[in-house]
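A.B. asks: Go ahead and model the full structure; you've got the sequences and the hints to work with.
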Amino acid sequence: MSDNRRRLVLYGAAAVVIGGLAVLGSREAAEADAMPLIGSANVQLRLAYGMPSKDRHGKPLSSRVDLITSAVSNLERVERLGLTTACASELRGFAASLQEDFSGAAEWYAKARTCADVEAEQKDVLAFNEARMLAKAGKADAALACFSRYASALDQRFGHQRTIEEATILAGIGRRQEAEARLAKVARAADADAGDRLRAGEAYVAIGAVAEAASVLTQVAVDAPFANYLLAKLKLQQGEVDSGLDLLAAAAKALPTEVKRALHKDAHVWSVAAADARYQAIAGTPAATPAR
Numbered sequence: 175m176s177d178n179r180r181r182l183v184l185y186g187a188a189a190v191v192i193g194g195l196a197v198l199g200s201r202e203a204a205e206a207d208a209m210p211l212i213g214s215a216n217v218q219l220r221l222a223y224g225m226p227s228k229d230r231h232g233k234p235l236s237s238r239v240d241l242i243t244s245a246v247s248n249l250e251r252v253e254r255l256g257l258t259t260a261c262a263s264e265l266r267g268f269a270a271s272l273q274e275d276f277s278g279a280a281e282w283y284a285k286a287r288t289c290a291d292v293e294a295e296q297k298d299v300l301a302f303n304e305a306r307m308l309a310k311a312g313k314a315d316a317a318l319a320c321f322s323r324y325a326s327a328l329d330q331r332f333g334h335q336r337t338i339e340e341a342t343i344l345a346g347i348g349r350r351q352e353a354e355a356r357l358a359k360v361a362r363a364a365d366a367d368a369g370d371r372l373r374a375g376e377a378y379v380a381i382g383a384v385a386e387a388a389s390v391l392t393q394v395a396v397d398a399p400f401a402n403y404l405l406a407k408l409k410l411q412q413g414e415v416d417s418g419l420d421l422l423a424a425a426a427k428a429l430p431t432e433v434k435r436a437l438h439k440d441a442h443v444w445s446v447a448a449a450d451a452r453y454q455a456i457a458g459t460p461a462a463t464p465a466r
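Each number in the numbering used here corresponds to the 1-based position in the sequence shown with 174 added.
Treat the hints as calculated values from the structure; they're not laboratory data.
Note that CB positions come from ideal geometry on N, CA and C, so glycine has one too.
Straight-line distance between alpha carbons at most 25 Å, and here's what the computed DSS-like set of lysine-lysine pairs gives:
no., residue 1, residue 2
1, 310, 285
2, 310, 297
3, 439, 407
4, 409, 434
5, 310, 439
6, 409, 427
7, 439, 233
8, 409, 439
9, 427, 439
10, 310, 228
Computed beta-carbon distance windows for the label pairs:
no., residue 1, residue 2, range
11, 247, 288, 22 to 28 Å
12, 214, 420, 45 to 51 Å
13, 253, 326, 31 to 37 Å
14, 423, 312, 37 to 43 Å
C.D. replies: The following block contains the structure:
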């Protein structure tokens with residue numbers, strides 16, 4: 175995976191990269207004052223992202239709320255200095271997304287793209303995240319239009335990822351045939367790498383296209399062994415526990431840490447195999463028991 179594509183994937187998961195800090199440090203006093211404020215906001219939002227949004231009682235986690243509030247306060251102080259920077263606007267979008275204000279997040283990402291100090295790579299990441307936030311806000315048509323508007327630059331930098339994102343959005347608004355056509359295009363593309371095909375397979379799983387998902391994931395499993403984990407889940411959900419456990423073992427042999435993390439996240443799915451020694455040897459701890 176290229177550095178550019180890795181940054182997009184990480185940022186899609188909300189890991190912000192602040193490319194403009196070095197530039198800020200070389201400006202006059204007001205700009206220099208902004209550098210620690212933006213740096214603090216970045217750290218606070220990263221920490222907040224890594225926390226659960228709610229406590230065990232289902233209430234907003236107060237420490238997470240405080241981090242986000244403090245980060246926004248720091249960024250507002252930057253604005254009061256009379257500065258409009260791409261990094262600060264990008265972080266405001268990140269903060270809004272953590273607060274589940276997805277429309278607001280999209281607006282901040284769009285604003286960041288217009289800042290004088292925005293970098294070329296940052297522009298493309300911002301376009302991706304603007305579209306993603308629009309989709310999360312229930313504005314599918316606007317999200318698709320955003321992807322279309324910047325398609326040429328996005329495809330040049332990030333390959334087939336835009337097409338996969340569009341497929342997920344289309345499936346979410348009932349345009350299943352168009353979604354599958356886009357994923358099939360990626361699966362057949364001569365320049366699609368193992369990562370592209372793995373993401374296409376994951377998207378097929380997400381939209382419920384089981385046969386297509388199984389076909390793509392089986393083809394890519396040698397080069398992208400996490401595909402075996404996704405195939406294992408499909409087998410399990412079809413009642414084929416033994417086959418699922420065989421595939422799980424193959425995935426765990428290649429990617430033990432990643433598979434354990436996925437098992438913890440998907441414990442409810444694997445609860446049907448909780449008593450199986452093969453599962454317990456891989457997971458390390460028993461899966462959650464089915465609810466009665």
